[in-house]
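J.: For reference, the chains in residue letters:
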Amino acid sequence: MYSRTYQRLTAFPPLLWITLFLLLPYALLFCFSFWQVRSQTIVHEWTLNNYRELFYNPLYFQVLLRSSRIAGSVTLLALLLGVPLAYFLSFRVRRSKNLLYQLVIIPLWVSYLVRAYAWKTILGGAGVFNTLLMYCGILHQPAAFLLYSPFAVILTLTHIYTPFVFLPVYASIEHIPRSLLEASQDLGASPLRTFWTIIFPLALPGVIAGATFAFVLSLGDFIAPLLIGGPNGIMISNIVVSLFGAAYDWPLGAAISLCMLLLVVLLISGTERLERHLRYGGS
Amino acid sequence: MRSRFGWLNIHAVFVFAFLYLPILVLIVYSFNGESVAGFPPHNWTLRWYNVLFADDALWSSVLNSLLVAGIAVAISILFGLPAALALDRSNFPGKAAFRRLVLLPLILPGIITGLSLLTLFAAIRTHLSLFTVAIGHGTALISVAVTELSAGLQKFDRAQEEASRDLGATEWYTFRRITLPNLKLPLIAAALLILTLSLDEIAVTFFLIGRENTLPLEIWSRLRRGITPEINAVSTLVFAFSLMTILLWYKLRRPALDE
Numbered sequence: 008m009y010s011r012t013y014q015r016l017t018a019f020p021p022l023l024w025i026t027l028f029l030l031l032p033y034a035l036l037f038c039f040s041f042w043q044v045r046s047q048t049i050v051h052e053w054t055l056n057n058y059r060e061l062f063y064n065p066l067y068f069q070v071l072l073r074s075s076r077i078a079g080s081v082t083l084l085a086l087l088l089g090v091p092l093a094y095f096l097s098f099r100v101r102r103s104k105n106l107l108y109q110l111v112i113i114p115l116w117v118s119y120l121v122r123a124y125a126w127k128t129i130l131g132g133a134g135v136f137n138t139l140l141m142y143c144g145i146l147h148q149p150a151a152f153l154l155y156s157p158f159a160v161i162l163t164l165t166h167i168y169t170p171f172v173f174l175p176v177y178a179s180i181e182h183i184p185r186s187l188l189e190a191s192q193d194l195g196a197s198p199l200r201t202f203w204t205i206i207f208p209l210a211l212p213g214v215i216a217g218a219t220f221a222f223v224l225s226l227g228d229f230i231a232p233l234l235i236g237g238p239n240g241i242m243i244s245n246i247v248v249s250l251f252g253a254a255y256d257w258p259l260g261a262a263i264s265l266c267m268l269l270l271v272v273l274l275i276s277g278t279e280r281l282e283r284h285l286r287y288g289g290s
Numbered sequence: 024m025r026s027r028f029g030w031l032n033i034h035a036v037f038v039f040a041f042l043y044l045p046i047l048v049l050i051v052y053s054f055n056g057e058s059v060a061g062f063p064p065h066n067w068t069l070r071w072y073n074v075l076f077a078d079d080a081l082w083s084s085v086l087n088s089l090l091v092a093g094i095a096v097a098i099s100i101l102f103g104l105p106a107a108l109a110l111d112r113s114n115f116p117g118k119a120a121f122r123r124l125v126l127l128p129l130i131l132p133g134i135i136t137g138l139s140l141l142t143l144f145a146a147i148r149t150h151l152s153l154f155t156v157a158i159g160h161g162t163a164l165i166s167v168a169v170t171e172l173s174a175g176l177q178k179f180d181r182a183q184e185e186a187s188r189d190l191g192a193t194e195w196y197t198f199r200r201i202t203l204p205n206l207k208l209p210l211i212a213a214a215l216l217i218l219t220l221s222l223d224e225i226a227v228t229f230f231l232i233g234r235e236n237t238l239p240l241e242i243w244s245r246l247r248r249g250i251t252p253e254i255n256a257v258s259t260l261v262f263a264f265s266l267m268t269i270l271l272w273y274k275l276r277r278p279a280l281d282e
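Heads up: the sequence lines are chains A and B, in that order.
Sequential numbering of the first sequence, starting at 8, is according to the working numbering.
Sequential numbering of the second sequence, starting at 24, is according to the working numbering.
Hints may be right or wrong, so weigh each one.
Computed footprint of chain A on chain B; a stretch qualifies when at least three of its residues, placed anywhere within it, have a C-beta under 8 Å from a C-beta of chain A [said to hold, decoys possible]:
| hint | region |
| --- | --- |
| 1 | 218-228 |
| 2 | 232-245 |
A short list of chain B residues far from chain A (calculated; beta carbon distances all over 12 Å) [claimed, not checked]:
| hint | residue |
| --- | --- |
| 3 | 68 |
| 4 | 70 |
| 5 | 79 |
| 6 | 80 |
| 7 | 82 |
| 8 | 90 |
| 9 | 93 |
| 10 | 197 |
| 11 | 204 |
| 12 | 205 |
| 13 | 266 |
| 14 | 268 |
| 15 | 275 |
Think of the hints as simulated: they come from the structure by calculation, not from any bench.
From the three backbone atoms N, C-alpha and C, an ideal C-beta is built for every residue, glycine too.
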């Protein structure tokens with residue numbers, strides 16, 4: 008019912024903008040990753056050196072591994088916090104459901120940077136944690152390992168991504184038809200059996216979506232590591248930042264970013280396929 | 024019903040405590056009398072708010088942020104609205120790929136969006152400024168505009184448009200008098216959400232910023248220098264501001280969600 012002109016007029020401007028400012032930059036990043044730096048200038052000579060460097064220098068692989076470990080821990084913790092909460096809100100809470108739902112979302116609107124900074128105040132030498140632990144006599148001097156460590160990064164990122172995990176899980180649990188649960192109960196299934204055969208499989212797509220989100224975004228983070236990570240909390244994006252900054256090796260930085268982009272796209276399409284498979288069965 | 028004090032309740036209390044601890048600390052310490060962050064805070068003061076209001080660099084960064092957010096809202100709505108309409112109503116080759124591409128910045132770490140745009144601006148020799156930051160925000164947030172407006176279009180009653188066309192109105196007239204008014208609430212809601220996200224954005228901004236700072240980058244550069252209680256005060260204010268925007272956003276979006 009919409010004319011050709013209408014369709015073209017709506018499709019063309021966003022296509023143009025996206026091509027110019029999203030697709031073209033990705034293509035340029037791709038090109039940069041095959042160029043190199045010689046005497047402080049980027050020369051447009053095609054080479055595989057950057058990728059060779061990534062592959063043979065163990066440093067990059069180690070940092071990537073550490074980043075994945077941190078992102079994996081964040082994902083796991085966010086799941087441990089977010090999934091039971093979603094279940095609780097959906098099944099156990101009646102009157103104040105909406106209020107509690109909003110209360111989970113509100114922390115999202117506190118600036119990312121500021122929350123990282125607040126954790127710095129909490130974990131620091133004279134901070135809330137140390138003072139409390141010393142007051143209780145558990146510690147005699149402030150624990151230095153709290154701040155400027157991978158632990159601090161994991162804590163901060165978990166704080167940031169728990170609501171992101173909660174949201175899709177809650178949505179998928181809320182969408183489970185309650186009649187299914189009644190039917191299961193009427194047919195004599197135990198609560199545990201109802202959980203494993205109905206609730207768990209139907210909530211799984213939401214769990215996967217939330218986990219993917221938490222993993223991908225914390226894997227690419229560079230703010231929390233810079234602010235509270237210390238030397239042992241350096242992640243892969245921090246290396247990219249320094250390559251594009253003081254180290255001035257854009258091509259190598261571009262190669263790392265491109266690998267990250269590829270990793271993210273593969274991960275997303277993989278989990279999307281998995282979600283679809285879970286939702287519609289094998290058919 | 025099982026007991027009211029099961030482990031799920033305890034778990035929920037713990038999660039809420041975890042989520043709100045930093046926010047509480049932030050607000051409490053913005054009134055802390057000492058400049059070192061000891062615990063518990065001893066004497067209360069409004070000093071940091073006074074310092075804050077006299078801080079010109081901070082205020083000019085707030086203005087910069089508002090400018091960037093304004094342009095970002097304009098770009099993302101201007102291109103997000105037609106994109107949402109096209110995805111809803113047009114057929115063109117590569118539509119599925121286009122949808123994926125538009126939505127990609129939603130899940131992509133900001134560093135990749137920022138860096139790829141940086142290479143573009145370097146290649147065309149554009150000086151980095153607040154304007155390049157705004158282009159970055161606008162482009163990344165088209166994804167948010169598209170998701171919000173697509174949700175609005177899902178609820179859209181197409182019969183009204185058909186009636187308008189059957190009665191002889193042109194497509195342009197129908198768009199102005201039927202489509203746009205029907206999308207008013209989702210449009211405002213999307214704009215508010217994009218405004219808030221842009222005001223807080225840091226990863227993309229980090230790479231595209233010129234000489235003038237946005238508020239998050241101004242905060243960032245001060246944080247790197249050490250703990251300054253003033254930051255607690257400004258963050259508390261920013262939190263209050265975002266909270267108000269989001270309450271407004273929620274109020275506007277709610278009718279669309281309930282239907």
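J.: Does each hint hold? Answer for all of them.
T.: Hint check results:
no., hint, verdict
1, 218-228, "holds (count 4)"
2, 232-245, "holds (count 3)"
3, 68, "holds (17 Å)"
4, 70, "holds (17 Å)"
5, 79, "holds (21 Å)"
6, 80, "holds (17 Å)"
7, 82, "holds (17 Å)"
8, 90, "holds (18 Å)"
9, 93, "holds (18 Å)"
10, 197, "violated (9 Å)"
11, 204, "holds (17 Å)"
12, 205, "holds (15 Å)"
13, 266, "violated (6 Å)"
14, 268, "violated (8 Å)"
15, 275, "holds (15 Å)"
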